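S.K.: Those sequence lines, one after another, are chains A and B. Each step along the first sequence adds one to the number in my numbering, with nothing skipped, and position 189 is 189. Just add 1000 to wherever you are in the second sequence, counting from 1, and you've got my numbering.
If you are wondering where the hints come from, they were derived from the structure by calculation, not from laboratory data. This one's a predicted model, so the numbers in the text were calculated from it and none came from an experiment. Just so it is clear, CB atoms sit at the ideal spot from N, CA and C, and this is done for glycine as well. Worth double-checking, as some hints may not be accurate.
Taking beta-carbon pairs under 10 Å as the criterion, some of the chain B residues facing chain A (in silico) [unchecked claim]: (1) M1062; (2) G1069; (3) M1070; (4) K1071; (5) L1073; (6) R1078; (7) K1081; (8) D1083; (9) L1084; (10) P1087; (11) K1103; (12) E1109; (13) G1110.
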Amino acid sequence: MDVDRKVIQRQQSTYRSMDEIFEIKNEKYRGQQYSQIYFTRLHHMRNLLYSLIPKWRPDLPVCTVLGLEEGKQCVLVGTIYKHMKLKPRILDEYSKERSVVPIVKPHNFMHPEDHLILEDESGRVKLSGNVLVPSVFVTGVILALLGKETTDSEFLVEDILEAGPPSQIERPVIGGEDKYVVFVSGLCVGSSTFNPLQFQLFVDHVTGYLGEVKEQCIESKIVRVVIAGNSIEIPKCVLTGQTVNSKDQSKLFEPIKELDISLTQLAVAMPVDIMPGTGDPANFSLPQQALNRCLFPGTSAYNTFFTCTNPHSFELDGVRFLGTSGQNIDDLEKYSDAKDKLEFMERTLRWSHLAPTTPNTLGCYPFTDRDPFFIENCPHIYFCGNQSEYSSRMLKGSEGQLVRLICIPRFCETGVAVVVNIGSLECHTLNFSTNLD
Amino acid sequence: MPTNNVQDFYRQVKSNRKDLGFTKSESSAKKKTHLSEKQTTAAGAKEECEWERLLTEFDMDMKYGPCSGMKRLERWERAVKMDLNPPTEIGNFLKTMKIGDPKRNCILEGKLF
């Protein structure tokens, strides 16, 4: 038998994890409240905006809400609060007047009467005008607004300055052969939609067990696999809060065990990053902490296996990656409106904030000394997991920043994995189907 | 349980600014020399009161952010990190404090929930 004995070497790249800012470490909950996050967010982002205002409107004075004067044009910096009629409130349960507001779309809480309010330490003012569209913004965004106070004590907005996109470190020129990173999310091992064969095809393809020498050459250029959340789905029937009887206990760990076996095959071949998502056995609130390595007894034996936080930030050969398992974008979709998911992602970059709706409508650890979701440096590749379909585009910033935005679809529903070339930032999909029709 | 009386919440402190003979804006150096002159117990109590007032003032200053859920020193150090220039004498005083001293906690400690 004629066998090509040439061994194909897998490409390597230098990896640097930048998850440190998302780690909660030894912090203990000591009764701190969420006001601290808003304070630190406003402080840091206002400093950033103050440095941009002289370039934007050098001739106008900068005011606080308390220092507003009627009819005088000025610049205000503060936190946006979006007053929403349909937003569910915990106090509604206790309300004596039971005015039932019908929710038209259960997945979106927008209403034409929604309006924006700007807050700083000194006070709050209602915003008006056609420049600022309430459907675009959400609570927690920091903006600089140009305008003047009207006779009915509203602030008429004439122009808006957003904090981002932040500046970007220079993208290194990667010579030699191409290198790829594969993204996959929403494996949902253990759910009814999970197809073991489909996932095995993915594992075999990426590790180079499928295809001929030509395919294997391409596969050898994959330097890393990133699993962006929702890898496991534990059946709802065992998550009732009751003690699980011994017969059902296997249902709890069976999905994890199955995932461990597949991940071992991946980790043998190349570095693997796993991020937690909504369905995974990690903490609920953002930043989600790395999954415990004990969950994966087989895979954790390899030093190519990395459990990461969500959001996850890292550098590969100097190319910066940032992404989440999708909670931040899904939450924006509930409280604002855009033509597609990429537009939401684009907005978070323009606001320089990964998850502005934390802590208002998205769970978040009550940090006191920092806001980890403030994006200081623009990534080169910005991804978001667990979306319904694949989409991607390049974003060009005002200072020449180039960002590849990627929506990673749920693998269990679509069988799609996303491949990115870290040199050229080009992006394409891998489709796996077990359908024989 | 909510308190009905404001005085229960904020301990009543008589203004003793004049007694000690200095105002907040004066330099800390002057304060130290002034305080070292009076070593009697009465002066010690007054000094205590004065510090209490200064620390409360620091807690209530919104410039340095909300105070609940943080130790006073943590809040002071955060303010330093954010370049907000909190009063140095407050920081020095907080650093000399013993572990377990109730004055390490902010004024709202244990009163919010």
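S.K.: Does each hint hold? Answer for all of them.
M.R.: So, going through the hints one by one against the coordinates:
1. M1062: Nearest chain A Cβ about 5 Å off; hint holds.
2. G1069: holds (3 Å)
3. M1070: Interface hint status for M1070 (chain B): holds (6 Å vs cutoff 10 Å).
4. K1071: Result: holds, 8 Å to nearest chain A Cβ.
5. L1073: violated (12 Å)
6. R1078: holds (5 Å)
7. K1081: holds (7 Å)
8. D1083: holds (9 Å)
9. L1084: Holds. Min distance 8 Å.
10. P1087: violated (18 Å)
11. K1103: violated (17 Å)
12. E1109: holds (8 Å)
13. G1110: holds (9 Å)
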